[in-house]
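Protein chains: 2
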Amino acid sequence: MKLTILGCYSATPRKLNNPTAQVLEIKNHLFLVDCGEGTQVQLRKSKVKFSRIKHIFISHLHGDHFFGLPGLISTFRLLGREADLHIYGPKGIKEAITLLLKLGDSWTNYKLFFHELISKESELIYEDDNVTVHTIPLNHRVYTNGFLFREKPSPRTLNIEAVAKYKIDKSQFNNIKSGKDVIVDDRLTVANSKLTFDPPKTKSYAFCSDTAYKEDIIPQIKNVDLLYHEATFLETEQHLCAKTKHTTAKQAATIAKKASVGQLVLGHYSTRYKSLDSFKEEAQQVFENVLLADDGECFEIW
Amino acid sequence: MKLTILGCYSATPRKLNNPTAQVLEIKNHLFLVDCGEGTQVQLRKSKVKFSRIKHIFISHLHGDHFFGLPGLISTFRLLGREADLHIYGPKGIKEAITLLLKLGDSWTNYKLFFHELISKESELIYEDDNVTVHTIPLNHRVYTNGFLFREKPSPRTLNIEAVAKYKIDKSQFNNIKSGKDVIVDDRLTVANSKLTFDPPKTKSYAFCSDTAYKEDIIPQIKNVDLLYHEATFLETEQHLCAKTKHTTAKQAATIAKKASVGQLVLGHYSTRYKSLDSFKEEAQQVFENVLLADDGECFEIW
Numbered sequence: 001m002k003l004t005i006l007g008c009y010s011a012t013p014r015k016l017n018n019p020t021a022q023v024l025e026i027k028n029h030l031f032l033v034d035c036g037e038g039t040q041v042q043l044r045k046s047k048v049k050f051s052r053i054k055h056i057f058i059s060h061l062h063g064d065h066f067f068g069l070p071g072l073i074s075t076f077r078l079l080g081r082e083a084d085l086h087i088y089g090p091k092g093i094k095e096a097i098t099l100l101l102k103l104g105d106s107w108t109n110y111k112l113f114f115h116e117l118i119s120k121e122s123e124l125i126y127e128d129d130n131v132t133v134h135t136i137p138l139n140h141r142v143y144t145n146g147f148l149f150r151e152k153p154s155p156r157t158l159n160i161e162a163v164a165k166y167k168i169d170k171s172q173f174n175n176i177k178s179g180k181d182v183i184v185d186d187r188l189t190v191a192n193s194k195l196t197f198d199p200p201k202t203k204s205y206a207f208c209s210d211t212a213y214k215e216d217i218i219p220q221i222k223n224v225d226l227l228y229h230e231a232t233f234l235e236t237e238q239h240l241c242a243k244t245k246h247t248t249a250k251q252a253a254t255i256a257k258k259a260s261v262g263q264l265v266l267g268h269y270s271t272r273y274k275s276l277d278s279f280k281e282e283a284q285q286v287f288e289n290v291l292l293a294d295d296g297e298c299f300e301i302w
Numbered sequence: 001m002k003l004t005i006l007g008c009y010s011a012t013p014r015k016l017n018n019p020t021a022q023v024l025e026i027k028n029h030l031f032l033v034d035c036g037e038g039t040q041v042q043l044r045k046s047k048v049k050f051s052r053i054k055h056i057f058i059s060h061l062h063g064d065h066f067f068g069l070p071g072l073i074s075t076f077r078l079l080g081r082e083a084d085l086h087i088y089g090p091k092g093i094k095e096a097i098t099l100l101l102k103l104g105d106s107w108t109n110y111k112l113f114f115h116e117l118i119s120k121e122s123e124l125i126y127e128d129d130n131v132t133v134h135t136i137p138l139n140h141r142v143y144t145n146g147f148l149f150r151e152k153p154s155p156r157t158l159n160i161e162a163v164a165k166y167k168i169d170k171s172q173f174n175n176i177k178s179g180k181d182v183i184v185d186d187r188l189t190v191a192n193s194k195l196t197f198d199p200p201k202t203k204s205y206a207f208c209s210d211t212a213y214k215e216d217i218i219p220q221i222k223n224v225d226l227l228y229h230e231a232t233f234l235e236t237e238q239h240l241c242a243k244t245k246h247t248t249a250k251q252a253a254t255i256a257k258k259a260s261v262g263q264l265v266l267g268h269y270s271t272r273y274k275s276l277d278s279f280k281e282e283a284q285q286v287f288e289n290v291l292l293a294d295d296g297e298c299f300e301i302w
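Residue numbers (my numbering), protein chains in the order written: chain A, 1 to 302; chain B, 1 to 302.
Accuracy of the hints is not assured; some may be wrong.
Treat identical chains as interchangeable: a pair holds within one or across any two.
[As the list claims (entries may be wrong)] Okay, derived cross-link-like pairs now, PhoX-like style, lysine-lysine, Cα gap no bigger than 25 Å in a straight line:
1) Lys15 <-> Lys45
2) Lys250 <-> Lys180
3) Lys243 <-> Lys102
4) Lys15 <-> Lys91
5) Lys102 <-> Lys245
6) Lys222 <-> Lys280
7) Lys49 <-> Lys15
8) Lys203 <-> Lys243
9) Lys15 <-> Lys47
10) Lys280 <-> Lys180
11) Lys274 <-> Lys47
12) Lys222 <-> Lys2
13) Lys102 <-> Lys91
14) Lys45 <-> Lys274
15) Lys91 <-> Lys203
16) Lys49 <-> Lys274
17) Lys15 <-> Lys280
18) Lys54 <-> Lys15
19) Lys120 <-> Lys102
20) Lys243 <-> Lys274
Calculated from the structure, these hints are not laboratory results.
Everything numeric in this text was worked out from a predicted model, so none of it was measured.
Turn these sequences into a full structure, and let the hints guide you.
Structure representation (structure tokens):
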């Protein structure tokens, strides 16, 4: 898993501050998460191949998470895209995009599938051979979801030497990789653990933005390898969180600690702050392993 | 009059190519013409004070002329705008913006007035003490207007020496500036031309994008000081104009010549061309006074 931050600032796009958008790469598959204005330019700067994006997840319909989507859909058309595009987002997203395409008489020549979300409970919204994506219901001024990406376990790895030692036929390999024991010479049961190694550890990533402090999400994101959590404010501006339904750096770190995540990446900073160092310092008072997102930055998820 | 090009490329925004948007300044009044994605960042780069924009004119509802508008409207709100904002554009623009604001529950705290255009004939859509704005109906794939900005004549300038010589009372000055003759000592009529100088020449600017070659616009833009005309293609790609309803550099120059404009500024270049020199060369075969628009550039209109 590799996470590329295309934009991680809140509110208005500026010369050097892009609104929320990020690309998650899982086994050569690219998922776009949120799409603020300017995302397509950020994709170009990050040298992401547009055609590899087949699934887009939109957390909520505030402009700084969404207003780059109509343009990206149009650009896909102009680039001659043929592959299907799936868009997951709050109810209303289909009406909005469809209206904009209609007004411009600019229908796509590829298929556009909308998966509109309305549930207030977490749900599985995407699954393939390698990954599942669940919503993480958040608490913001409008209906908002985070997204939890979880790799599926790979098959167990064959222990070639052991398999040779027991003279096991190739026809059994798939059974062994799926965890089954094997009966040799019609009598000896060889435990799977003798024939295989553990598969690589599965990785997980949770995207949580925008939201007020919400402990309800902790069970769901327990032990994820990487948590991106919004930190719009510092504790000095904590009084703004209730009205705007945002989180402070300290609150984000508290969530990370209680969920025992591997690493916490902060983002969605208010542009009122000149330096981001205070975000890290404030969060590290609660949780040690804190990173600061920045536009264009990549994080490998181990 | 001063024209600032915020973006002058067609189709998709890129790292160094912004879609159409420009600001026209007339006597300290700012008019925004078109608003492609990224316009608000371009406004910041050009150091335009957002609050001075009170009127926005949208030529048509293709993304590269319009998809920056929802974000700009939101940013005005976040910046605490209180002044009214007037938006002129094709029918449908109100529905689109209203839907996006509704979905984000992000109503503006300033007044938003939509002036939806449907006429296929030129019409006066804005007027104040200094300027008139007429639509220039164009020929594109969707309903499209250019815009003609014309300064109103200033009052004539008083010839202070002449006024003193005839001992004319101050109470007459406004009449004289408006062009009236004056009767002195109840008998002598002094011609206005002896008491005043001509006012500064009024200036005019025509914005024509996007459009196929359309000679019908020539009478309307006759003798304008500056014509911005799209030139999406060179003559080598002239075969693309019919389908896409765009213009070549040579065709734009032909319009400029037949309309006897002062200067022609080309823009809306297809990003297929690596260099823009050929646009100027091709146009200058027909019309000498050609300038190339570029993002961030300013043109004073004399």
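A quick look at each hint next to the structure:
no.	hint	result
1	Lys15 <-> Lys45	both (14 Å within a copy, 7 Å between copies)
2	Lys250 <-> Lys180	neither (47 Å within a copy, 74 Å between copies)
3	Lys243 <-> Lys102	between (36 Å within a copy, 19 Å between copies)
4	Lys15 <-> Lys91	neither (31 Å within a copy, 32 Å between copies)
5	Lys102 <-> Lys245	between (34 Å within a copy, 18 Å between copies)
6	Lys222 <-> Lys280	within (21 Å within a copy, 62 Å between copies)
7	Lys49 <-> Lys15	both (23 Å within a copy, 15 Å between copies)
8	Lys203 <-> Lys243	neither (35 Å within a copy, 49 Å between copies)
9	Lys15 <-> Lys47	both (19 Å within a copy, 11 Å between copies)
10	Lys280 <-> Lys180	neither (47 Å within a copy, 73 Å between copies)
11	Lys274 <-> Lys47	between (28 Å within a copy, 19 Å between copies)
12	Lys222 <-> Lys2	within (20 Å within a copy, 58 Å between copies)
13	Lys102 <-> Lys91	both (18 Å within a copy, 12 Å between copies)
14	Lys45 <-> Lys274	both (24 Å within a copy, 18 Å between copies)
15	Lys91 <-> Lys203	neither (30 Å within a copy, 49 Å between copies)
16	Lys49 <-> Lys274	between (33 Å within a copy, 21 Å between copies)
17	Lys15 <-> Lys280	within (23 Å within a copy, 30 Å between copies)
18	Lys54 <-> Lys15	between (28 Å within a copy, 23 Å between copies)
19	Lys120 <-> Lys102	between (31 Å within a copy, 20 Å between copies)
20	Lys243 <-> Lys274	within (23 Å within a copy, 50 Å between copies)
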